[in-house]
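These protein sequences, in sequence, are chains A and B. Mind the numbering: the first sequence is residues 3 to 206 in our numbering, read in order. Mind the numbering: the second sequence is residues 3 to 206 in our numbering, read in order.
Treat the hints as calculated values from the structure; they're not laboratory data. Heads up, a few of these hints could be off.
[Claimed, not checked] Derived lysine to aspartate or glutamate pairs resembling EDC-like cross-links, with alpha carbons at most 20 Å apart:
no.: 1; chain 1: A; residue 1: Lys-136; chain 2: A; residue 2: Glu-178
no.: 2; chain 1: B; residue 1: Lys-136; chain 2: A; residue 2: Glu-127
no.: 3; chain 1: A; residue 1: Lys-136; chain 2: A; residue 2: Glu-122
no.: 4; chain 1: B; residue 1: Lys-136; chain 2: B; residue 2: Asp-80
no.: 5; chain 1: A; residue 1: Lys-136; chain 2: B; residue 2: Glu-134
no.: 6; chain 1: A; residue 1: Lys-136; chain 2: B; residue 2: Asp-182
no.: 7; chain 1: B; residue 1: Lys-136; chain 2: A; residue 2: Glu-178
no.: 8; chain 1: B; residue 1: Lys-136; chain 2: B; residue 2: Glu-178
no.: 9; chain 1: A; residue 1: Lys-136; chain 2: A; residue 2: Asp-88
no.: 10; chain 1: B; residue 1: Lys-136; chain 2: B; residue 2: Glu-122
no.: 11; chain 1: B; residue 1: Lys-136; chain 2: B; residue 2: Asp-88
no.: 12; chain 1: B; residue 1: Lys-136; chain 2: B; residue 2: Asp-148
[As the list claims (entries may be wrong)] Reference excerpt, derived from the structure (chain A facing chain B, CB under 8 Å, subset only):
no.: 13; residue: Asn-55
no.: 14; residue: Gln-62
no.: 15; residue: Arg-66
no.: 16; residue: Asn-72
no.: 17; residue: Ala-73
no.: 18; residue: Arg-92
no.: 19; residue: Ala-93
no.: 20; residue: Asp-94
no.: 21; residue: Phe-115
no.: 22; residue: Phe-119
no.: 23; residue: Glu-122
no.: 24; residue: Gly-131
no.: 25; residue: Lys-136
no.: 26; residue: Glu-149
no.: 27; residue: Gly-201
Glycine is no exception: its CB is placed at the ideal position from the N, C-alpha and C atoms.
Protein chains: 2
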Amino acid sequence: MERLVLHEYSASGNCYKVRLTAALLGLPIERREYDILKGETRTPEFLAAVNANGRIPVLQVGERFIPESNAACFYLADGSALVPEDRFERADMLRWMFFEQYNHEPNVATMRFWIAFVGEARLSEAQRGQIEAKRAAGEAALALMDEHLAARPWFVGARLSLADIALYAYTHVADEGGFDLARYPAVSAWLGRVAAAPGYVAMG
Amino acid sequence: MERLVLHEYSASGNCYKVRLTAALLGLPIERREYDILKGETRTPEFLAAVNANGRIPVLQVGERFIPESNAACFYLADGSALVPEDRFERADMLRWMFFEQYNHEPNVATMRFWIAFVGEARLSEAQRGQIEAKRAAGEAALALMDEHLAARPWFVGARLSLADIALYAYTHVADEGGFDLARYPAVSAWLGRVAAAPGYVAMG
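Required output: the full structure, derived from the provided sequences and hints.
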């Protein structure tokens, strides 16, 4: 594989997904840190060379760039045991990855960012007006995961896949956004299984 | 392929993506309509049998179900010319599909739903407080697409892929949410190319 560079902010769960995928696959990956709180991913240089969308993570593969955390994970894991061989299971894995970006991350991750990184006192009026809805939607996402995991060890099929990695990243630090994981016992047990995977690395 | 049933609300762009993918592939697909404005996807029966997340579209494959529009499209198109064979391009296609669900749909589609379906007068205070930000984020997504398409005919590689289908669905009706597509000439030209694809079907 070509040289891999992860353009990241290491406290970001989205960035951690890519690093965890590389670690579980045993792929060496260089890391380049940007401080998103200082706008380092909105500079003209970053927008022109790395990602016109001004966001991290971006996976650099040689001289090419893949934004969007779950797409970067897919690039790394394509053809590996982290992507199911079965057609239905492969689509079902993507189903959970899209669920993660649509129902989970904008609530569970955003609550963590607002509370633990920005600080509630510094939120705008419009942001404060969304807290109640985001907390409810985050709890709903965690409840749905808990119900699904009550009957099976992994999100899809008989082994860990990218669906687990994508959902693990922000779930395992959901307490930082005010979510109580003790309410979700199947999720808590699954977090332990992911953390026990050979090659696992912690966030940060 | 097993029997395919699309559980849908036919005015939804997310549902249209799945139907358009099936049409471009020449796959017959049955349609089952639910009125989301009447809560027909939140009934105990729907939650138990079709999608615990209470959302459409859901693609039924035999007796199994795939929620999430882009995952359903991937299931249908896996192994076809709508998914690039090249590893980088395949991940790049998913990059645009995740961009669609994170940066485009929550803004461009939600504005359409709020203005054309719910009606501005019936929005909650919290929703009204988000309109300005959603309009700006929707314009930013369209501007990013326009910049990308100014230099190439399709989002990824040399032909139409699921990335184009995913982004076409809500872009071609963005005017219903108050977005002026005349400001995005490369997007407008690309909309015409998608609509000219053999097998194309209109929304509805």
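Hints versus structure:
Restraint check: the Cα-Cα separation between Lys-136 of chain A and Glu-178 of chain A comes to about 14 Å, which is no more than 20 Å; the hinted pair holds. For the suggested pair Lys-136 of chain B and Glu-127 of chain A, the alpha carbons sit about 15 Å apart, so the restraint of at most 20 Å is met. Note on Lys-136 of chain A and Glu-122 of chain A: the hinted pairing holds, with a Cα-Cα distance of about 14 Å set against a maximum of 20 Å. Proximity of Lys-136 of chain B to Asp-80 of chain B is assessed by CA-CA distance (about 33 Å); at most 20 Å being required, the pair is judged violated.
This hinted pair checks out: Lys-136 of chain A and Glu-134 of chain B have alpha carbons roughly 18 Å apart, not beyond 20 Å. Taking the CA atoms of Lys-136 of chain A and Asp-182 of chain B, the gap is near 30 Å; set against the 20 Å cutoff, the hint is violated. For the hint linking Lys-136 of chain B to Glu-178 of chain A, the alpha-carbon distance of about 26 Å lies beyond 20 Å, and the restraint is violated. Pair hint Lys-136 of chain B plus Glu-178 of chain B holds up; C-alpha atoms about 14 Å apart against a cutoff of 20 Å.
About 35 Å separates the Cα atoms of Lys-136 of chain A and Asp-88 of chain A, which puts this hinted pair outside 20 Å; it is violated. Distance restraint check for Lys-136 of chain B and Glu-122 of chain B: the Cα-Cα separation of roughly 14 Å lies within the 20 Å cut-off, and the hinted pair is therefore satisfied. A distance of roughly 35 Å separates the Cα atoms of Lys-136 of chain B and Asp-88 of chain B; the hinted pair therefore is violated under the 20 Å criterion. Taking the CA atoms of Lys-136 of chain B and Asp-148 of chain B, the gap is about 18 Å. The hint holds against a cut of 20 Å.
Given the 8 Å rule on beta carbons, the hint for Asn-55 of chain A holds: about 6 Å separates it from the nearest Cβ of chain B. For Gln-62 of chain A, the suggested interface contact is broken, since its CB lies about 12 Å from the closest CB of chain B, more than 8 Å. Given the 8 Å rule on beta carbons, the hint for Arg-66 of chain A holds: about 6 Å separates it from the nearest Cβ of chain B. A hinted interface residue such as Asn-72 of chain A counts as satisfied when its beta carbon comes closer than 8 Å to some beta carbon of chain B; here the least separation is about 5 Å, so the hint holds.
About 4 Å separates the beta-carbon of Ala-73 of chain A from the nearest beta-carbon of chain B, less than 8 Å, and the hint is met. About 7 Å separates the beta-carbon of Arg-92 of chain A from the nearest beta-carbon of chain B, less than 8 Å, and the hint is met. Given the 8 Å rule on beta carbons, the hint for Ala-93 of chain A holds: about 4 Å separates it from the nearest Cβ of chain B. Annotation: Asp-94 of chain A was flagged as interfacial toward chain B, and the flag holds, the nearest CB pair being 6 Å apart, inside 8 Å.
Interface hint at Phe-115 of chain A: violated, since its Cβ lies 14 Å from the closest Cβ of chain B, which is beyond the 8 Å cut-off. For the restraint placing Phe-119 of chain A at the interface with chain B, the shortest Cβ-Cβ distance is roughly 19 Å, beyond the 8 Å limit, so the hint is violated. For Glu-122 of chain A, the interface hint is violated, the least distance from its beta-carbon to any beta-carbon of chain B being 17 Å, above 8 Å. Checking Gly-131 of chain A against chain B: minimum C-beta separation of about 5 Å stays under 8 Å; hint holds.
Here the hint on Lys-136 of chain A is broken, as its CB sits about 10 Å from the closest CB of chain B, past 8 Å. Hint on Glu-149 of chain A holds. Least Cβ distance to chain B is approximately 6 Å, under the 8 Å limit. About 21 Å separates the beta-carbon of Gly-201 of chain A from the nearest beta-carbon of chain B, more than 8 Å, and the hint is not met.
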